[in-house]
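Line by line, the protein sequences are chains V and A.
Be aware that the first sequence starts at 1, since it is given in this note's numbering, and climbs by one per residue.
Be aware that the second sequence starts at 1, since it is given in this note's numbering, and climbs by one per residue.
Keep in mind the hints are simulated off the structure, nothing from the lab.
Treat the hints with care, as some may be off.
Which copy is meant is left open, so a pair is good if it fits within one copy or across any two.
[What the hints assert, rightly or not] With a Cα cut of at most 16 Å, we get these calculated EDC-like pairs of lysine to aspartate or glutamate:
no.: 1; residue 1: Lys237; residue 2: Asp311
no.: 2; residue 1: Lys17; residue 2: Glu305
no.: 3; residue 1: Lys113; residue 2: Glu356
no.: 4; residue 1: Lys17; residue 2: Glu361
2 protein chains.
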Amino acid sequence: MDALQQEILDMGKRARKAALALATLTTAQKNAILLSMADGLVTCQAAILEANTKDLKAAEENGLNTAMIDRLRLDAPRIEAIADGIRQVAALPDPVGETLDEWDRPTGIHIVKKRVPIGVIGIVYESRPNVTSDAAVLCFKSGNATILRGGKEAIHSNGAIADALDFGGREAGMPEGAIQLIRTPDRATVRYLSEMDQYLDLIIPRGGKGLIETVVSLARMPVIKHYDGICHVYVDKDADLEMAKAIAVNSKTQKPSVCNALETLLVHRDVAESFYADGGQALLDAGVTLRGDATLEKVLSGKVEQATEDDWTAEYLDLILAVKTVESIDDAIDHINTFGSRHSDCIVTRDADLAERFLNEIDSAAVFWNTSTRFSDGEEFGFGAEIGISTDKLHARGPMALPELTSYKYLITSDGVVRG
Amino acid sequence: MDALQQEILDMGKRARKAALALATLTTAQKNAILLSMADGLVTCQAAILEANTKDLKAAEENGLNTAMIDRLRLDAPRIEAIADGIRQVAALPDPVGETLDEWDRPTGIHIVKKRVPIGVIGIVYESRPNVTSDAAVLCFKSGNATILRGGKEAIHSNGAIADALDFGGREAGMPEGAIQLIRTPDRATVRYLSEMDQYLDLIIPRGGKGLIETVVSLARMPVIKHYDGICHVYVDKDADLEMAKAIAVNSKTQKPSVCNALETLLVHRDVAESFYADGGQALLDAGVTLRGDATLEKVLSGKVEQATEDDWTAEYLDLILAVKTVESIDDAIDHINTFGSRHSDCIVTRDADLAERFLNEIDSAAVFWNTSTRFSDGEEFGFGAEIGISTDKLHARGPMALPELTSYKYLITSDGVVRG
């Protein structure tokens, strides 16, 4: 075993110890620590900005593109926003300790099912330094210890943020090892972390497909994945076409770079020509490139591109939209269950029976009737905060907030009952 | 890709299609199929027994021990018991379709969180042929398609049981591919199954540590593990020692071969000598070999063995018990959280505050106060059936029944609301 692996193992050991301590903190204690972390960020602002300048300089030297450099950049308002995010998490209800169920058995035993923290959570992420704080504090509020492994582009910024959280947290009594950051950029640390199932209860990769694939192939503990959103809107033959237009334009253009944005539009053949003439034109007017079939081409001749099979599985995250004319709702459901990513899909129709069929038969985390897919979001669901949108079906599915960062245990009591 | 891998991939594809069909079956349809499967087992009894004879013959030729051969053996009453198990599952409430939560948002959207099947579940198991039926029908009732991979020792019996389930199920309209069995004994099939995350949503290994380790190291989808139970009873200084004796004897001896049986007894030093004299003697009288420290040796001189470090992590599954005198409840909690397997642990005490501390601070799926660890069981919890006892913290923890074989989805409706 090399020194680096030993270092990660030692972090795991400390995290596990911290997790046992965290599980016994009261809500008031956790909130006081969170507020102190927020203050810590503000106090350490100069150090964070100085560290960030180093990362920005390296980014320019390494020729990172403007969008990536912008994601990396911190300034006083951004640091204040991160601190505000922590204060918001402090204000959220604490899921830990909630009684989920409680019952008696004829044998004389009493059973309580109670929410508890998961334990130790590994977070592997890419360039945005704010994730260091956002992920750590959500895990902390739900009573979990975290080991963070950020991207090398933000290594100085992440270190300074982790120091600030530690400084603030420890002032208010945060257990040692509750939030730890891996400070070595070596790629091997992802492997060491993913294999360390004796200490990690969960690992969450946040980033591009490559990063997620790497963690999935290595991990020996549960992984909660936030894969791509290939989201669909299906315009049914009984759709209110004005509504369909508004939903398609909103789902595609309100924020095209996110996972709940529309990527493929399916239109029933009976309304295809009239929808393309008006709704299709509205999408073009909003700057969207349409990639479709002969029906689309016929209506919007010369203004659209031709779609290929690859478009059905494309997550553009851009002002590009795949468009397909379908024969029936069955055709639409089949297309979505075949090519979709089980994220967020919508039907626009006046027919309640068809809507019910669609909502039941589409195998996705969030299914919408006459509503923009952009609502697939923890904040919009009223969760207060989210650590991501899970494309998994186990443990957490869809927008994932504090309760999804917990497990449960059974507490069984009696007056000496033994099994007969 | 070799032909065998292609065969497993084809099974995955069929299972995924079946899962979409299963998700739309009504409870009545599923129950009718289950009852027909039970009848199918009885109808096909002769074929099952003939297949079982082949397996038994091979087992004897390969020198399997008596216990293993007994686990393998089927006869008319055992087949009837398997069929009865299916009828009991038919009688259980259907978790699918349950509304878990429902709320409105100020934006005008309405959100329903609804229980849905997980999808496709792989089950990898060892010699007992009844698992073929038990696991498949629990997954079926909860709306999931299964791909079963049993041990080669029971390959003929498993095949005949799967044929009988298929015969009975298909008579009542079971979708094709709902229950599939891998009939090739090649070890590579475990790998192909574990890597097939495009079709499998979950894999459950049921068997020895070696099997579980193999699946954990290969799996690209969530694994729910049923590892060992290193269960503890802690006899506190304020324990009712008669009660402690009854609980220790029951937890250890009522069924020593199972995962919720007691493996390590911890005794507070203030009551150690008197407890060992009476409770320790009772355990000896029940045929238990005790492995302990100097205090135990002092009291039961010549009748006990000396414990080593290895005993703290031993899952004997036999009439052997590790015994340790501890200084305090902190010492007991620390021992259990260090050496235990997070399965089932008990405190015997009259002190409610200490009991509460123990129940909160022990990081195990089931924690007991004045109650035998043998109650850590789906049937005893009132779940009607269990697919196992999860030692994981994610998705399902502790006794795992039908609701734990489901996921959920969000259904969002409005009258055309878009995001501002």
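Hints that the structure is at odds with (numbers, increasing): Per hint list: 1, 2 violated.
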